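Peer 1: Chain residues, written in single-letter form:
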Amino acid sequence: MSEIANIEELKKLAPPAELRRAPVVEGNQGLGWLTDKLSAFAEAKVPIWWWIAFVPAAFAATVIFPVCLFYQVFTGVGVWGNNHPDMWGWDIVNFIWWVGVAHAGTLISALLFLTRQHWRTTIGRMAEAMTVFSVAMAGLYPAIHVGRAWFDWFMFPIPNSNGNWPQFKSPLMWDVFAVNTYLMVSSLFWFMGMIPDFAVLRDRSTTRIRKGIFSFLAMGWTGSAWQWHNYEKAYIVLCGLCTLLVFTVSSIVGLDFCTAQLAGWHATIFPLYFVIGAVFCGFGMMLVLLTSLRKLCHLENVITLSHIDKVAKLALVSGLIINYIYLMEIFIAWYSGDPYERWVFGHRFFGQEYWYFGWALIAINVCVTQLLWFKKIRSNLVALFVIGLLINCGMWSERFVIVVGSLYQDFLPANWGKYHPTMWDVGLYIGTLGAFFMLYLLFVKFLPVIAISEVKGATPQGDPHHPLGGAPKGGHQ
Amino acid sequence: MIFPKWTNSLPLVLGAVAALAGAGVAAGVTMYLTPKYTRAGYTPVQPVPFSHNIHAGQLGLDCRFCHNGVERSWFANLPGASTCMNCHSVVLKDDPRLAIVRESAANNTPVPWVQVHKVPDYVYFNHSVHVDRGISCVKCHGRVDQMDEVRHDKSLSMSFCLDCHRDPAANIRPTDKVTKLDWQWSTNAAEADRLQDSEGKKLVEHMKVESLTSCSACHR
Numbered sequence: 006m007s008e009i010a011n012i013e014e015l016k017k018l019a020p021p022a023e024l025r026r027a028p029v030v031e032g033n034q035g036l037g038w039l040t041d042k043l044s045a046f047a048e049a050k051v052p053i054w055w056w057i058a059f060v061p062a063a064f065a066a067t068v069i070f071p072v073c074l075f076y077q078v079f080t081g082v083g084v085w086g087n088n089h090p091d092m093w094g095w096d097i098v099n100f101i102w103w104v105g106v107a108h109a110g111t112l113i114s115a116l117l118f119l120t121r122q123h124w125r126t127t128i129g130r131m132a133e134a135m136t137v138f139s140v141a142m143a144g145l146y147p148a149i150h151v152g153r154a155w156f157d158w159f160m161f162p163i164p165n166s167n168g169n170w171p172q173f174k175s176p177l178m179w180d181v182f183a184v185n186t187y188l189m190v191s192s193l194f195w196f197m198g199m200i201p202d203f204a205v206l207r208d209r210s211t212t213r214i215r216k217g218i219f220s221f222l223a224m225g226w227t228g229s230a231w232q233w234h235n236y237e238k239a240y241i242v243l244c245g246l247c248t249l250l251v252f253t254v255s256s257i258v259g260l261d262f263c264t265a266q267l268a269g270w271h272a273t274i275f276p277l278y279f280v281i282g283a284v285f286c287g288f289g290m291m292l293v294l295l296t297s298l299r300k301l302c303h304l305e306n307v308i309t310l311s312h313i314d315k316v317a318k319l320a321l322v323s324g325l326i327i328n329y330i331y332l333m334e335i336f337i338a339w340y341s342g343d344p345y346e347r348w349v350f351g352h353r354f355f356g357q358e359y360w361y362f363g364w365a366l367i368a369i370n371v372c373v374t375q376l377l378w379f380k381k382i383r384s385n386l387v388a389l390f391v392i393g394l395l396i397n398c399g400m401w402s403e404r405f406v407i408v409v410g411s412l413y414q415d416f417l418p419a420n421w422g423k424y425h426p427t428m429w430d431v432g433l434y435i436g437t438l439g440a441f442f443m444l445y446l447l448f449v450k451f452l453p454v455i456a457i458s459e460v461k462g463a464t465p466q467g468d469p470h471h472p473l474g475g476a477p478k479g480g481h482q
Numbered sequence: 048m049i050f051p052k053w054t055n056s057l058p059l060v061l062g063a064v065a066a067l068a069g070a071g072v073a074a075g076v077t078m079y080l081t082p083k084y085t086r087a088g089y090t091p092v093q094p095v096p097f098s099h100n101i102h103a104g105q106l107g108l109d110c111r112f113c114h115n116g117v118e119r120s121w122f123a124n125l126p127g128a129s130t131c132m133n134c135h136s137v138v139l140k141d142d143p144r145l146a147i148v149r150e151s152a153a154n155n156t157p158v159p160w161v162q163v164h165k166v167p168d169y170v171y172f173n174h175s176v177h178v179d180r181g182i183s184c185v186k187c188h189g190r191v192d193q194m195d196e197v198r199h200d201k202s203l204s205m206s207f208c209l210d211c212h213r214d215p216a217a218n219i220r221p222t223d224k225v226t227k228l229d230w231q232w233s234t235n236a237a238e239a240d241r242l243q244d245s246e247g248k249k250l251v252e253h254m255k256v257e258s259l260t261s262c263s264a265c266h267r
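Which chain is which? The protein sequence lines are Z and R, in order. For what it's worth, our numbering labels the leading residue of the first sequence as 6, then goes sequentially. For what it's worth, our numbering labels the leading residue of the second sequence as 48, then goes sequentially.
Treat the hints as calculated values from the structure; they're not laboratory data. Possibly wrong hints are sitting among the right ones.
One-sided excerpt, in silico: chain R residues whose CB lies under 7 Å from chain Z [claimed, not checked]:
#1 F50
#2 L67
#3 P82
#4 T85
What the simulated footprint calls covered on chain Z by chain R, stretch by stretch (three residues with Cβ under 8 Å from a Cβ of chain R suffice, anywhere in the stretch; the number is not a length) [claimed, not checked]:
#5 166-174
#6 211-225
On a predicted model such as this, the values are computed, not experimentally measured, just so you know. Cβ coordinates follow ideal geometry from the N, Cα and C atoms, glycine included.
All chains should be built: construct the whole structure from the sequences, respecting the hints.
Peer 2: What follows is the structure, given as structure tokens:
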């Protein structure tokens with residue numbers, strides 16, 4: 006093998022160690038090794054830890070979820086804690102939370118692709134799957150929150166004998182289109198990205214059934230130059246669309262609130278606030294998934310500490326922007342001189358009810374986030390796992406503070422009313438969590454969890470002009 | 048190779064089949080499941096073979112001669128048998144077809160008419176508001192003066208109501224012409240359209256007709 010010699014040559018050409026970038030894949034292995042490594046998990050026997058995680062998730066998804074869903078649909082919204090004046094409760098809190106979880110996935114896979122960040126190749130697929138599954142969970146909530154789910158078709162512009170037509174002036178209407186577009190585009194993006202890897206799994210499959218399934222999914226992919234040419238064009242177009250959607254979807258969710266004349270909601274900062282909040286929440290979920298899957302699927306060489314460090318840094322940046330927005334919200338409430346605004350913000354932290362969520366928001370989103378400044382924390386996987394979970398709890402508290410905190414005590418004391426979730430609220434949330442993790446575990450086990458072709462393209466071995474890559478001797482014979 | 052070559056055309060075929068099936072379902076629903084089909088044309092057999100054609104058409108009785116509460120009430124009332132007996136105590140006084148009417152007048156029991164036009168319980172509809180603002184009977188009930196047995200002529204679907212509520216000027220007429228079912232602005236169709244447009248707007252403004260399209264206008 007001439008590879009050893011090549012590495013020696015390379016070392017002479019390479020910049021000094023302190024200027025060198027961390028390699029995307031550690032271990033400096035060949036392309037064949039990467040294919041084996043990255044398709045190993047989808048081909049191996051199902052491990053014990055997978056069953057331990059899958060059984061409770063599947064129970065929540067297939068028992069708790071449908072029971073809570075059907076009971077609510079057949080009985081009515083009254084089974085939840087929603088009632089005047091708290092017309093929005095956990096349903097909308099969880100809707101925003103799930104949309105938020107989705108966002109980091111798109112940001113990692115689409116925006117980082119457009120900015121040519123090679124490290125995204127190893128974690129992009131996992132992030133996209135997170136997006137698709139959580140948008141599906143998010144989309145469910147508004148559909149049943151309307152109370153009469155069988156009239157959901159009213160939300161779409163379908164000509165009908167009732168003469169109904171959607172009110173296009175309402176941000177709630179834009180929500181329908183934004184979330185549906187997001188689900189459709191991110192599913193397409195996710196699926197299209199997997200086509201070359203489906204082909205890899207197809208070519209490696211040993212049983213006829215497996216070959217049939219992956220042949221179907223690979224849609225006749227042969228890897229010809231013509232196919233790659235079209236594929237990459239389509240991929241970049243979808244990336245552009247997805248990147249825009251990161252900003253539009255949560256902006257529109259923010260508009261649902263800020264077009265209302267309610268103290269605590271009626272602020273121009275809301276669209277930005279929701280986008281950044283969503284991204285922050287999504288990076289929290291990314292940290293949870295990455296740190297655990299890296300260990301469980303033995304992907305230490307591919308999902309390197311350097312990648313996780315970068316995700317943690319992005320979480321820190323989005324967290325700092327969120328902190329700035331909190332500060333601005335409070336400042337504007339004071340600076341506006343509006344007694345209702347001041348009153349609402351005071352009561353977020355010192356009210357009779359729900360003040361604990363206000364402090365949870367400060368404790369986690371402001372204080373815990375600062376831990377990510379430290380390199381020691383960013384390289385400690387257990388700490389990052391816990392911080393990721395905490396960020397998700399913190400962002401859930403934030404949504405609760407925004408939704409219920411403004412609704413339960415508005416301008417007229419005669420209108421005040423407390424909100425308490427019922428077991429059906431809690432059950433449905435557990436059900437969606439179960440459905441999300443069940444789908445995610447199925448994805449991890451059966452589909453290419455790392456973008457095999459993209460990772461190869463980001464290694465020196467995949468670069469034909471690199472001494473280690475392409476044809477023997479760097480293709481310069 | 049698992050899949051033979053012909054499967055390459057499968058997406059196209061499936062797409063075409065799905066498009067055709069979608070169009071078929073849409074057409075089927077529109078044709079057979081909307082009020083145009085499910086309501087219009089309903090012609091129940093009435094206990095008394097009363098002919099609107101003879102009374103309102105040939106004899107020229109005004110609608111309000113019998114439905115006399117229509118200008119004051121939400122409900123276009125049916126006449127009492129005594130109204131019929133005004134004439135039928137003399138005309139066809141022993142006709143067996145009128146036995147139920149005579150019995151009704153004598154015993155003060157109602158004639159069991161079968162209701163033809165009925166809006167659902169969740170819809171508020173007021174006849175007097177429409178009649179007093181120049182919406183003719185013919186707009187919703189059709190040419191009753193040409194029917195022997197009353198037929199549900201229009202769909203009375205929600206969009207049927209909304210079409211008019213969104214553009215009252217195109218359907219309004221002078222209040223004294225409301226019960227003249229064959230009345231037109233002009234015998235010349237183009238002239239009639241022009242007058243409907245110009246005079247309709249004036250009537251809407253004059254009578255302060257509001258274009259009520261909020262949900263709670265009808266679903267109270």
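Peer 1: Each of the hints needs a verdict: does it hold here or not?
Peer 2: Hints and how they fare:
no., hint, verdict
1, F50, "6 Å, holds"
2, L67, "19 Å, violated"
3, P82, "6 Å, holds"
4, T85, "10 Å, violated"
5, 166-174, "holds (count 4)"
6, 211-225, "holds (count 6)"
Of the numbered hints given earlier, the model fails hints 2 and 4; all others are met.
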